[in-house]
Structure formats: C-alpha cells, structure tokens
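*Asks:* The lines below spell out each chain.
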Amino acid sequence: MGLAYHTELYLFVFLPLVVLVYHFSSQKMRRAVLILAGYLFFWSFSRWMVLYLIAVSGLIYGAGRWMEHLKETGRARAKEFHSKERSAIKKQYKAKEKRVLMAGIIILLGILAYLKYCNFFIQNMNRIAMAAGKDFYLEPQKLLIPIGISFYTLEAIGYMADVYWGRIKAEHNWAKVALFLGFFPQIMEGPISSWKDTADALWECRPVQSQNLVKGIVRIAWGMFKKIVVADRLSVVVTAIFDSYTDYHGVMIIVAAIAYTLQLYMEFSGCMDIVIGSGNLFGVDLPENFRQPFFSGNASEFWRRWHITLGAWLKAYVFYPVSVSGLVKKWNHFARKHFGKYLTKMGIFAMTLFPVWMCNGLWHGAQWNYILYGMYYFVILLAGEAVSPVREKVLDRFHLDCKALYWRVPQILKTWVIIFTGEMFFRANGAAAGFHMFRSIFHGFEFYRLWDGTLLGLGLNAADLMAAGFGILVVAVADILKERKLLNWDKLQEMKFPVRWMLYYALIFAVIVLGAYGTGYQQVDLIYAGF
Amino acid sequence: METLLEILNDIDDTVDWENETALIDDRILDSFGVISLISELEDQFEVEIDASEIVPENFNSADAMWKMIQRLQEN
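From first to last, the protein sequence lines are chains A and B.
Position 328 (the first sequence) corresponds to 328 in this note's numbering; numbering is contiguous.
Take the position in the second sequence, starting the count at 1, then add 531; the result is the number in this note's numbering.
Everything labelled a hint here was simulated from the structure, so no lab data went into it.
Hints are supplied without guarantee of correctness; some may be wrong.
What the hints assert, rightly or not - 20 angstroms max Cα-Cα, derived SDA-like pairs, lysine to any residue:
id, chain 1, residue 1, chain 2, residue 2
1, A, 330, B, 570
2, A, 196, A, 161
3, A, 71, B, 602
4, A, 315, B, 555
5, A, 337, B, 574
6, A, 329, B, 552
7, A, 315, B, 605
8, A, 196, B, 556
9, A, 329, B, 581
10, A, 91, B, 558
11, A, 315, B, 604
12, A, 330, B, 602
13, A, 90, B, 604
14, A, 79, B, 562
15, A, 96, A, 196
16, A, 91, B, 602
17, A, 315, A, 246
18, A, 329, B, 556
19, A, 329, B, 558
20, A, 169, B, 582
21, A, 71, B, 570
Given the sequences, and given the hints that come with them, work out the whole structure.
*Replies:* Here it is in structure tokens:
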C-alpha cells in the first residue's frame, strides 16, 4: 500500500531521494521540497484526495488569519472606550472569534465524522430496524477515506484553538501551515504535534548533517527491528487466534491478548521510531509517542506513556475545556454544598473523563469494540480514583513506601492485566467476540497448552518463536535501560566509537538476518494507519 | 499572595509551595489537582480562568499562579 513507512519503496527509494534533493536545494527550496514530498507521499495512497489536505491547510490558515483580524479590531475598538464598555467590546469580539473557531471545528469534525462514522450509523440503523421487524434498509455508502485524516484533523483543530486562545500567533505564510500539516513522516500515523512542537523547526529546514543522518538511520533500523523481527511474527499468532476465537479458551486467550498487546507496541512504537528517525534526517525532533509504557503503575500513568501525543491532545482540547465549562462549575458549587468533597470530586471526574474516553474510543474508529475500549478505561480510571482514599489510608496505616519495589511491582503487574484485557477487546472482531473471548478464559484453563505443541500449530515454527522472543528480550532490555536513565538516544551517540558502531552493525545485521520476510510471509500493513 | 498560599496549603500542606518551581513538570499537581485548584482560585479571587490559561507556565509555581491571577483581575 502506497509509500508506507516500512516498505522498501519508502525506505530505499523515496526517503533517500527526498534527502538527496533536499540536501542540494537552497533553504527556500528545501521547504518546497518537503511540502511536495508530503503531497507525493499522500498521493501514493489517496490520489486526488491530496486536495483535501491542501484544503484543510487553507481552511485553518484562513481561520487563523480571521481570528487574528478580529483580535486586532476588537483591541483597537476597545481602546476608544472606557473600562465598562471596553470589556463589553472585548467580549463581543471574543464571541465572534469563537464563532470562527467553532465553524472551523464543525467543518473538520463534520467531514471526519461523515467519512468515518456514516456507515457505522447506517449499519446500526439497519440492525435496529431488523430487530424491530420493520421493512427498512439503508445501503452502506462506498466512501474513500483520505490517509491519516484522524491525525492531521486533530493537529488542525489544535492550531485553530491555540490561535483562538492566544497561545500562538496566526501564521501569515500559508506554506508554513501546509508544511506543518503535511510533513510526510507524520501524515500516516502521527505523532500528533502541536504548532509549538514542530512548525518552527520544520520551517527552519536545517542543512543535512552527518550526525543527524546517523541518528536517523539508526532510529529507523531500530523501528524496523521491532516491526519485522517481532510484530510481523506475532501477527501470525494473533490472527490465528483472534480470527478463530471460538476454537480457543483458557490460557490460549491470554496468549492472544499478550501477543496482540506486544504486537501493537512493537508495531506502533516501531513505526514511531521510523517516523522520528525520518524527521531526524531533516534535523527535526518530532515529539515522542511512547515512554516505556509497561513500567506504568496504573492505567492513568499508562496513558501518559502510551500514544502520548493523543493523550496530550485530548487533555488540552477536551479535558481542560470541559473541566472549566459552566456545567462542571455549576456542579462543583452545587455538590460541595450538598454532597461533600468526595462526591463532588467523583462527579467532576466522571463529567470530565467521560468525553475524553468517548473521544478516545471513537477516534480509533467506528466500531463498538473501540467505544467499549474507551469506556473500559473510563470505568477503570474512575474506579481508581474512587478507591484512592482507601489506598492512601493503607499506605499511611502500614507505613508503606509507594516507590518501593514491594509496592511498585504488584502495581505494574496489575496494570499489565488491565492493558492486556483492554487490548483484547480492542482487537476482537466486534464487541460480542470480545466478551466471548473474555468469558472463555475461565472455561478450561489448560495451562499445558503452552508446552504441548499448541503454540507451534499457530503458524510459527520454533525458530520463529525464538526470533520473536529474542526481539522482545532486546526491546525489554533497552526499555529497562531507558527507564533507569542508563541509556537514551543522545547517550548512545556519546558512546565510544567502536562500541557505538558495533551496536549499529549488530542492529542492522539483526534486522537483515532475523526479519520476517521471504516466502510464507506477507508484509503486514501498519495497524494505526487504519485509524 | 498569602491567600493563595493558604489555598495551596489547604490542598496539601506537605508541599513547599513557596519555593517549588516545577509543580506541573514534576507532577506535584496533576490535572485533577489543577482543575480543583482553579475552582478555588475563581471563588477566592473572583476571576474567570478559562482553558487557554491551563498551561504549565501558569501553574508551575505559586508565583506564576499569582501573576496569572493579577493579570486576570486587571482585565
């Protein structure tokens, strides 16, 4: 499919060519090279729908300029009046700005919702009609969805909201907005960056430097290692069990849940390595999307370490606006008088977390299991907060140290159970299949399935399982070192020359030797590109 | 400023509110800490804090919060 980041066409043709042309261009031309490369990349997947990306860039550029114009006019007019009238005029212009912002958001979300959720709505209408015995059927529409729409739509909304809030100034150069939305490494799977994160660095178009090239290539190789040594192998096991889930129960469902979680982590974080590495080649540091998520002590910490930029976006543009909305404020005043501090707080939690997790679920796509996935985390986070006074009391009563291993390790293991269960529902072929799989864990556990050869009947031979296991071990060690702050991408570059290059060669060698390709393997599409 | 410190000490008196300068970055104040603090500040100082003000720079220290409150009161 197109120029997906893990394909030979991207890695060995497109990316090197763009770097080469970029290198030999003047700074001004480099900007044009990156914008055109973005549109070419987009074209490879979605053809003429590239016009949509251009239109979105135009829309947010226009909305930004319009809001800026209103800000300036409002300010100038306010100066002509005394304090009371002044604040009325300011409010009047703020309201006008808000209308522009809302119109922009409604257009972008409207198109996104239509393309992504229209058929979901039709299918559910048909189901309801069928259940009610009515003679009613709507034909699902054949819709083409432009690549990466869920990612750059959020960036576009973030830009407009930041201009409205006065956090950033409206950009006067359309091309800078176009580059911000259309930087090709980010189009397909994010990271979802804010204007402040990347716009200036991208626009600067630094010259290609040898240390950035090495940094980028190594990061890309590391991503490929995760993707083709581990994720593509686990994909075989995951597909075998999830697609015939009624044939499995007990420990095998747990194997499937763990295997899928690992596959998703290796794949998505591996893709992010390729993306961030690609950015490095052009001297740009894109925001990180993962920070050793399996060291999380609870679900809320997990979401600060997993798909970080989505969590950060939802926090900035959904959670905080809802938390200072009139409804939450009214509840706060009313409940404090009538229900006490604890219930007030729980009410605020519920009111602010619900939209965040509904959006998280829906963002992943129009399927009931994604909505279920969002609601699953909503309930878990709410329950976590509900019992937090008890937890505090236990810690206090028994003088326990929540940073000590005896407390931290069980917390991490508990979080693993939460993560694996959540990802099982996420991957299941529909919400009903998810529940079926969950129930079947408790029917005939059959622990011996792990060593009686069942695992080898899932499409991978012993050598494949060992290669995947080795890959997981290497990534786990790297994550432990990162977590303990013994290693990071900068420290790696500071290592002694022979050690550093030995590691680089070992990595590239491992990708070549252990990668899952050749007969019997199909290249596995990137999971998050589908969202 | 004293009223502000009183509110902060009410939330948690084990924190050195006067001298901490990375309340958000070090997660001494988490997102729910911030939103409950906002409602206290709005009541006490009769200001309206909207979502645009919720950035680490405004909540990392008591001093930064105080500056934000003064700025909002002037408006």
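*Asks:* Quick one: which hint numbers does this structure break? Sort them smallest to largest.
*Replies:* 6, 7, 10, 11, 12, 14, 15, 17, 18, 19, 21
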